[in-house]
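Taking this note's numbering, I'd label the letters of the sequence shown as residues 17 to 309.
Please keep in mind that the hints were generated in silico from the structure rather than gathered at the bench.
Being a predicted model, the structure only gives us computed values, none of them experimental.
Check before you lean on any hint, since a few could be wrong.
As the list claims (entries may be wrong) - Derived pair list, reagent style BS3-like, types lysine-lysine, alpha-carbon separation capped at 30 angstroms:
#1 K94 with K66
#2 K193 with K167
#3 K94 with K167
#4 K282 with K96
#5 K282 with K129
#6 K222 with K270
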Amino acid sequence: MISRYGIFCKVIELTSFTKVAKQIGYSQSAISQTIKSLEQELGVILIDRKKDGITLTSDGKEFLPYLQSIYRAECALKQKQKELTGLENSIIRIGTFTSVSRNILPQLMKQFKKIYPGVNFILKQGDYTSIQKWVQTEIVDFGFVNSNAVKGIKVEILYEDELLAVLPPNHSLIEYKSISLKQLASEPFILLDEGDYSVIMNAFQKINQTPQIEYEVYDDYSILAMVRQGLGVSAMYSLVLNGFEKGLQIRPIKEKPMRPVALAWKNEHTMSLASRRFMDFIKSFFLKNKQCL
């Protein structure tokens, strides 16, 4: 629906009530009445109606740029509303770590873009500490974190990811169906750098064990390559290992250390519409697929 300011601007543009009426689907009398209503609102005569056409009065010339400005602002507002409804040209910024960015986000982003094709994503990968800082400083809209490793921000647990023992193919421990933390602590150990909070180190501390850390590495898949070369044993998350088991021996850990993976955000009310909808989309996905993870 076009406002009276828009109708006035179109009348001036087309210099005809009849042409405007035909273009927007109104009657000529409705267009004329709209202009009269606008003139009454402003307390001036804007248009000089003559048999050979219409012209602006002197007051009309004075008011024209202001009325055009209002109409442009209305059009811009409607366009922005349309963009937000369809999430056109929206950017969703997410803090994440390897298992999520490899196994979780690709399928969710693909499904979401089928609904909102104009949405774009920026994934910023880090550890729990850095992701928490990005959320707090709004460098990202929301992030995936270990809920035990962060504080001062809102979190909602999505699923739990189990740590598994990762061994070289000919290691002596492969004869066991499951391996204890005490057994892992006695071997050269390659530690995954998870930032200020380490799930496996916390698990070792609970049973008063200190692992023989030979290497501390940030990249999950570098650790897998090092284990394949026999440089040590490690503990990696099940979702990271999915599809990368070749050349490795994988065993459950008796104590079953877990990482509670959660969404984290600062303020949902100030978050962009696109980010709120995608976050709700993620929550809904995990609610429906809890048994699949």
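**Q.** Given hint K66 paired with K94 - CA-CA distance at most 30 angstroms
**A.** violated (34 angstroms)
Q | Proposed proximity, K167 with K193 (alpha carbon, max 30 angstroms) | A | With Cα atoms ~37 angstroms apart, K193 and K167 exceed 30 angstroms; violated.
**Q.** Hinted pair K282 and K96, Cα distance within 30 angstroms
**A.** Given pair K282, K96 holds - Cα atoms ~25 angstroms apart, limit 30 angstroms.
(Q) Against the 30 angstroms threshold, does the CA-CA distance of K94 and K167 hold or violate the hint? (A) violated (40 angstroms)
Q | Hinted pair K222 and K270, Cα distance within 30 angstroms | A | Holds: K222 and K270 sit about 14 angstroms apart, inside 30 angstroms.
**Q.** Restraint status (C-alpha distance of K282 to K129 at most 30 angstroms)
**A.** Distance of about 24 angstroms is within 30 angstroms: holds.
Hint compliance for this structure: hints 1, 2 and 3 are broken, all remaining hints hold.
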